[in-house]
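Protein chains: 2
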Amino acid sequence: MTNSEIRYVRSLKDKKTRAEAGEFVVESEKLVLEAIASSFEVRLICYCGDNVDRRIVSHPAAQTVDPKTMERISLLASPSPALAVVGMPAAATAGDIATLAADPDALCLALDGVRDPGNLGTIVRIADWFGIDAVLASPDTVELFNPKTIQSTMGSIFRKKVIYCDLTEAARAFSAAGAAVYGTFLDGENIYGQKLERHALVVMGSESFGIRDYLSGSVTKRLFIPPYPAGGTGCESLNVSAATAVVCSEFRRNY
Amino acid sequence: MTNSEIRYVRSLKDKKTRAEAGEFVVESEKLVLEAIASSFEVRLICYCGDNVDRRIVSHPAAQTVDPKTMERISLLASPSPALAVVGMPAAATAGDIATLAADPDALCLALDGVRDPGNLGTIVRIADWFGIDAVLASPDTVELFNPKTIQSTMGSIFRKKVIYCDLTEAARAFSAAGAAVYGTFLDGENIYGQKLERHALVVMGSESFGIRDYLSGSVTKRLFIPPYPAGGTGCESLNVSAATAVVCSEFRRNY
Numbered sequence: 005m006t007n008s009e010i011r012y013v014r015s016l017k018d019k020k021t022r023a024e025a026g027e028f029v030v031e032s033e034k035l036v037l038e039a040i041a042s043s044f045e046v047r048l049i050c051y052c053g054d055n056v057d058r059r060i061v062s063h064p065a066a067q068t069v070d071p072k073t074m075e076r077i078s079l080l081a082s083p084s085p086a087l088a089v090v091g092m093p094a095a096a097t098a099g100d101i102a103t104l105a106a107d108p109d110a111l112c113l114a115l116d117g118v119r120d121p122g123n124l125g126t127i128v129r130i131a132d133w134f135g136i137d138a139v140l141a142s143p144d145t146v147e148l149f150n151p152k153t154i155q156s157t158m159g160s161i162f163r164k165k166v167i168y169c170d171l172t173e174a175a176r177a178f179s180a181a182g183a184a185v186y187g188t189f190l191d192g193e194n195i196y197g198q199k200l201e202r203h204a205l206v207v208m209g210s211e212s213f214g215i216r217d218y219l220s221g222s223v224t225k226r227l228f229i230p231p232y233p234a235g236g237t238g239c240e241s242l243n244v245s246a247a248t249a250v251v252c253s254e255f256r257r258n259y
Numbered sequence: 005m006t007n008s009e010i011r012y013v014r015s016l017k018d019k020k021t022r023a024e025a026g027e028f029v030v031e032s033e034k035l036v037l038e039a040i041a042s043s044f045e046v047r048l049i050c051y052c053g054d055n056v057d058r059r060i061v062s063h064p065a066a067q068t069v070d071p072k073t074m075e076r077i078s079l080l081a082s083p084s085p086a087l088a089v090v091g092m093p094a095a096a097t098a099g100d101i102a103t104l105a106a107d108p109d110a111l112c113l114a115l116d117g118v119r120d121p122g123n124l125g126t127i128v129r130i131a132d133w134f135g136i137d138a139v140l141a142s143p144d145t146v147e148l149f150n151p152k153t154i155q156s157t158m159g160s161i162f163r164k165k166v167i168y169c170d171l172t173e174a175a176r177a178f179s180a181a182g183a184a185v186y187g188t189f190l191d192g193e194n195i196y197g198q199k200l201e202r203h204a205l206v207v208m209g210s211e212s213f214g215i216r217d218y219l220s221g222s223v224t225k226r227l228f229i230p231p232y233p234a235g236g237t238g239c240e241s242l243n244v245s246a247a248t249a250v251v252c253s254e255f256r257r258n259y
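If you're matching them up, the sequences are chains A and B in order.
The opening residue of the first sequence carries number 5 in our numbering; numbering runs sequentially from there.
The opening residue of the second sequence carries number 5 in our numbering; numbering runs sequentially from there.
Take these hints with a grain of salt, some might be off.
One copy or two, either will do: identical chains are not told apart, so a pair holds if it fits within one copy or between any two.
[Claimed, not checked] Straight-line alpha carbon distances no greater than 25 Å define the calculated DMTMM-like cross-link-like pairs of lysine to aspartate or glutamate that follow: (1) K199 - D144; (2) K152 - D18; (3) K152 - E211.
If you are wondering where the hints come from, they were derived from the structure by calculation, not from laboratory data.
Please put together the full structure from these sequences, using the hints given.
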């Protein structure tokens with residue numbers, strides 16, 4: 005690798021550079037393999053050592069680098085044996101959201117301002133496990149291509165559509181298509197007692213603010229995951245990714 | 005604060021120093037308030053600025069520090085207005101575990117080698133929300149007093165008992181007391197179809213290894229959170245904290 009190539013890969017640790025280049029970095033053999041197996045365009049692979057999976061080594065965009073170079077380009081405290089530069093998929097359009105909303109089998113999540121990269125990545129992985137059709141996210145939700153987010157998805161980023169969009173418009177599209185719009189609130193109804201619709205958008209609030217006022221009016225059914233025992237134990241809330249796991253499980257357990 | 009006091013607080017960022025001193029650090033007004041309200045011994049509070057909650061300012065162990073000092077003692081990238089040094093609770097004994105196991109209402113978690121501090125903290129918070137009686141942890145589970153773990157608990161560390169112990173012995177104690185010993189495995193039975201016992205120990209595996217061989221034989225009922233659709237989508241697993249949230253919800257939803 006030339007020094008200028010090394011500098012370019014390193015520069016992708018910045019959100020602004022990633023957005024301008026339309027490329028992001030994934031690290032670890034597992035994630036590079038997931039990238040290769042996906043519909044994403046893998047533009048460069050750097051690997052290091054003799055024990056790297058041959059699907060990585062034989063990729064047309066692969067080149068071997070020495071450990072010092074890997075240390076320079078890696079964002080990890082302990083660099084892994086493989087790193088890839090991957091092209092971002094095309095942004096979704098309003099038409100894509102309308103198409104999703106119109107599908108009577110579509111169950112989507114909407115994240116209102118989730119800020120923690122690990123939470124976003126974990127939520128994308130949860131959405132993948134539970135076959136959620138897409139994850140919508142307000143424009144101020146943390147960036148999907150943040151390295152911590154990508155690592156937390158454990159590869160689900162390559163399978164699960166995440167669409168940044170205006171959530172009030174998305175909620176309107178789902179409502180217009182006859183879908184329910186759920187949201188979790190501390191004063192919502194016990195989720196365990198509800199008949200949960202299959203065709204739905206489920207809004208999850210952010211770590212600090214929950215579902216904000218601008219959006220709460222778009223929610224037609226307010227849900228709550230009750231603590232145990234019923235009065236609670238002093239714990240104020242569940243982490244948003246833990247709550248998302250419970251909610252997705254509840255929506256899927258009867259199908 | 006003297007320089008030697010500042011050095012001491014800073015030294016508590018190291019696990020070994022924490023263990024020797026029997027003290028740990030919590031940061032943020034919320035966590036310091038939770039510490040004050042708990043049964044833990046708050047040995048020192050440092051706060052900074054004029055808008056700090058008066059329950060902090062009026063605490064006998066509280067002292068005001070200037071922003072420069074707060075920056076020096078804080079482990080956070082952006083220091084919060086309050087920090088406390090808190091004494092660790094006494095370690096649990098085998099007798100404590102036997103007492104827990106003998107309680108016919110006790111539902112406990114057992115973590116087999118969870119390595120990520122954020123996962124451990126999130127699991128303690130989940131255990132708090134769902135009224136889990138205690139969280140047992142194998143000796144190689146990440147340390148509870150790691151600053152990232154503490155921040156992730158959002159205060160649940162002050163309410164929820166976490167006991168590091170030999171999990172095969174703990175499983176034996178629960179079995180001997182007539183409790184079920186559950187565990188999650190990729191080849192377990194669909195959790196949604198099970199009658200889940202109220203008196204139980206539920207083993208959760210680590211991020212990389214799941215429930216290890218030394219312990220899997222102690223599990224009497226193997227559970228699985230099914231993906232949707234049934235065959236899965238390529239996603240290999242749920243994050244351990246997400247899985248713990250779903251499992252706790254399933255155990256509590258019918259009570």
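Comparing the hints with the structure gives:
no., hint, verdict
1, K199 - D144, "neither (32 Å within a copy, 42 Å between copies)"
2, K152 - D18, "both (12 Å within a copy, 24 Å between copies)"
3, K152 - E211, "both (17 Å within a copy, 16 Å between copies)"
Consistency with the previously given hints fails for number 1 only.
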